[in-house]
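**Student:** Take a look at the letters that make up each chain.
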Amino acid sequence: MKRNFTWIGIFIVFVFGLTIFSGCSENKTVVKDGSSQEQQASTAQSSATTTTTDQEQSAKAQAAAEAGIADITFDFDKSNIRPDAREILKADADVFLKKGNWKIVIEGNCDERGTTEYNMALGERRAREAKKYLVNLGVKESRMKTISYGKERSVDPRHNEEAWAKNRRAHFVVITK
Amino acid sequence: MRTKCLLTAIFISLCASLSLSTNAAAKIYIDVDSPNFQLFPIAICDFDPAAAGVAVKTLNAGFALAEETKRYLTMTGFFNPLNKKSFLEETNGNSPAAQINYSNWAMIGADYLVKGNIQQSEKETTAECRLFDVIKGELLFNKKYIAAGNDLKILARNIASDILFALTGDEGEFNTRIAFVSKKGQKGDIYTINYDGSDLKSMTNHRSIIIAPRWSPDGRFMAFTSFKDGNPEVYIRNLKNGSEKKVASFEGLNLCGYWSPDSKNLLLTLSKDGNEELYVLEVDTLNLHRLMHSYSIDVSPTWSPNGKKIAFVSNRGGSPQIYVMDADGNNIKRITFEGNYNTSPSWSPRGGRIAFEGLINGKYQIFTIDEEGNNLLQLTFDSANNETPSWSPSGRQIVYSSKTNLKSKICIMNANGLNVRILNENADSLAMPTWSPRFK
Numbered sequence: 000m001k002r003n004f005t006w007i008g009i010f011i012v013f014v015f016g017l018t019i020f021s022g023c024s025e026n027k028t029v030v031k032d033g034s035s036q037e038q039q040a041s042t043a044q045s046s047a048t049t050t051t052t053d054q055e056q057s058a059k060a061q062a063a064a065e066a067g068i069a070d071i072t073f074d075f076d077k078s079n080i081r082p083d084a085r086e087i088l089k090a091d092a093d094v095f096l097k098k099g100n101w102k103i104v105i106e107g108n109c110d111e112r113g114t115t116e117y118n119m120a121l122g123e124r125r126a127r128e129a130k131k132y133l134v135n136l137g138v139k140e141s142r143m144k145t146i147s148y149g150k151e152r153s154v155d156p157r158h159n160e161e162a163w164a165k166n167r168r169a170h171f172v173v174i175t176k
Numbered sequence: 000m001r002t003k004c005l006l007t008a009i010f011i012s013l014c015a016s017l018s019l020s021t022n023a024a025a026k027i028y029i030d031v032d033s034p035n036f037q038l039f040p041i042a043i044c045d046f047d048p049a050a051a052g053v054a055v056k057t058l059n060a061g062f063a064l065a066e067e068t069k070r071y072l073t074m075t076g077f078f079n080p081l082n083k084k085s086f087l088e089e090t091n092g093n094s095p096a097a098q099i100n101y102s103n104w105a106m107i108g109a110d111y112l113v114k115g116n117i118q119q120s121e122k123e124t125t126a127e128c129r130l131f132d133v134i135k136g137e138l139l140f141n142k143k144y145i146a147a148g149n150d151l152k153i154l155a156r157n158i159a160s161d162i163l164f165a166l167t168g169d170e171g172e173f174n175t176r177i178a179f180v181s182k183k184g185q186k187g188d189i190y191t192i193n194y195d196g197s198d199l200k201s202m203t204n205h206r207s208i209i210i211a212p213r214w215s216p217d218g219r220f221m222a223f224t225s226f227k228d229g230n231p232e233v234y235i236r237n238l239k240n241g242s243e244k245k246v247a248s249f250e251g252l253n254l255c256g257y258w259s260p261d262s263k264n265l266l267l268t269l270s271k272d273g274n275e276e277l278y279v280l281e282v283d284t285l286n287l288h289r290l291m292h293s294y295s296i297d298v299s300p301t302w303s304p305n306g307k308k309i310a311f312v313s314n315r316g317g318s319p320q321i322y323v324m325d326a327d328g329n330n331i332k333r334i335t336f337e338g339n340y341n342t343s344p345s346w347s348p349r350g351g352r353i354a355f356e357g358l359i360n361g362k363y364q365i366f367t368i369d370e371e372g373n374n375l376l377q378l379t380f381d382s383a384n385n386e387t388p389s390w391s392p393s394g395r396q397i398v399y400s401s402k403t404n405l406k407s408k409i410c411i412m413n414a415n416g417l418n419v420r421i422l423n424e425n426a427d428s429l430a431m432p433t434w435s436p437r438f439k
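Sequences listed follow chains A and L, in order. The numbering of the first sequence is numbering that gives the first Met the number 0, which starts it at 0 and goes up by one. The numbering of the second sequence is numbering that gives the first Met the number 0, which starts it at 0 and goes up by one.
In case anyone wonders, no lab produced these hints; they're calculated from the structure. In this text, all values refer to a predicted model and were calculated from it rather than measured experimentally. It is possible that some hints are incorrect.
Unchecked claim - Reference excerpt, derived from the structure (chain L facing chain A, CB under 8 Å, subset only):
hint : residue
1    : 81
2    : 138
3    : 299
Said to hold, decoys possible - Each pair of labels, with its calculated beta carbon distance range:
hint : chain 1 : residue 1 : chain 2 : residue 2 : range
4    : A       : 90        : L       : 286       : 39 to 49 Å
5    : L       : 349       : A       : 136       : 22 to 32 Å
6    : L       : 369       : A       : 57        : 29 to 39 Å
The C-beta atom is built at its ideal place from N, Cα and C for all residues, glycine as well.
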């Protein structure tokens, strides 16, 4: 009897471990593909000549999917959704609602100015504000996850207002599988 | 009329005697943080070989030990070692205290004098060092130092530490290290370096976004936030065996704050409950205690040295500002009002003052302010972005990052903003320096 329990225990731990493991690998793809759309498009193109692996294929599918999804940007030290961003989110939400099987990771980012730690929190706040707006537009909360990269992941490395405006953004990463 | 004069006279003489007495007290432990503080003028003689007719090697060692001692004393920011060329006397470390002609040293402006001798064998180097107060004409200490081989650095460090202690009552920062994040592109790791700029080495091997390294005050652990597994999660690293464990990996943001003075609790910012909020994590049990309920962003919490208060950054007033509250989350009070971006508070281990970075004229600069929000003092003024101040264990120096578009530096300055020294310099991004406690 006692032995039976042990076996059941081992089985549960094993299954649980598998779930965690697959969860992790999914996360990793998300991180890898979190760069800018342009970059993803170019990797997709260049990989066409090389042998296509599963991963590249899924990256391609993701890049194609994300091509239709626009980022939204924010004002300095702000996390409220601007009127122009609302229009973008409406268009994005339409796509998300049509593709009900997609999972969405919303990445909050800041420009290079200011404190790393405060920007980490500000990025999280931006991502969550975007998520809240999408929930109000009917996108299921359970499909969306937020992550902040603070000021650590600029899309435009220049040190001017134009670059900063681009870097203060919420970026949407789509997991098609 | 006469009584009035008399009263005035008494008053003046009272004032005079008061100021005299403070001067007298200052002779013992000079207030090195005062803006009027003058660097200690000190004459350091070459250490003489103890025995006559020794090898040139020992002569050189005597010279080198004096130079190293000078270098370490300069590092503290409180000494002005005088040029040897100005010395009127031939250096002779063997002369007993009674034979020192103090006026010869006072004449060249030295308040203090260091003399000593050195002896080298195959196995070890022995130095004897005497510190004299030139003004009072007395011996302050006479001490023997032994180091294995010919490690003059360790000798000089211990001599400098004792001189500093004799004059300021504080052993200084010689046995401390500074941790910081070095980043190439988006891949970063924590590095540490000695106070004297030697022995730079990597501590972690995460190659990911890594932020907010924090030494535990007992020197046994390093807490930090790393994206190693994709999400920002808080780790604690055991510095003895190098093992790491995750202590906060909730959904959303897990951001590391400072340790409590007893090294038992860690302050965190977590967004797991839908808002960037401050929590206390009991490190042994991993029990979490939420400190407040507010809609605003609350980050970068740091304990006061007695553990009774917490300073943190909040945007509850519309912009990021420094706030102070009781350790239980009550009595929240804003202390910064100048400028619209004040962050990264660090509480002086001696209490009283909080260092932080603030945006002024488009650049981030280091400031200090007292915990009531008075006596704001700007410490850096150059054209770089000077950020994330962290106090030395003595509370007399501050380490910070200094960054331009081309260069990235970790710098140390005195608590009054003077005596800036570059600890490390790189084209990569160096950030978030944090001062270790004293290691035994």
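**Student:** Against each hint, give a clear statement of whether it holds in the structure.
**Tutor:** Hints, one by one, checked against the model:
1. For residue 81 of chain L, the shortest C-beta to C-beta distance to chain A is roughly 42 Å, which exceeds 8 Å, and the interface hint is violated.
2. With a least beta-carbon distance of about 50 Å to chain A, the hint placing residue 138 of chain L at the interface is violated under the 8 Å criterion.
3. Because the beta carbon of residue 299 of chain L sits about 5 Å from the nearest beta carbon in chain A, less than 8 Å, this interface hint is met.
4. Residue 90 of chain A and residue 286 of chain L have their C-beta atoms about 45 Å apart, which keeps the hinted 39 to 49 Å range intact.
5. Taking the beta carbon of each, residue 349 of chain L and residue 136 of chain A are about 54 Å apart, not inside 22 to 32 Å as hinted.
6. For residue 369 of chain L paired with residue 57 of chain A, a C-beta distance near 57 Å fails the hint of 29 to 39 Å.
Of the numbered hints listed earlier, those contradicted by the structure are 1, 2, 5, 6.
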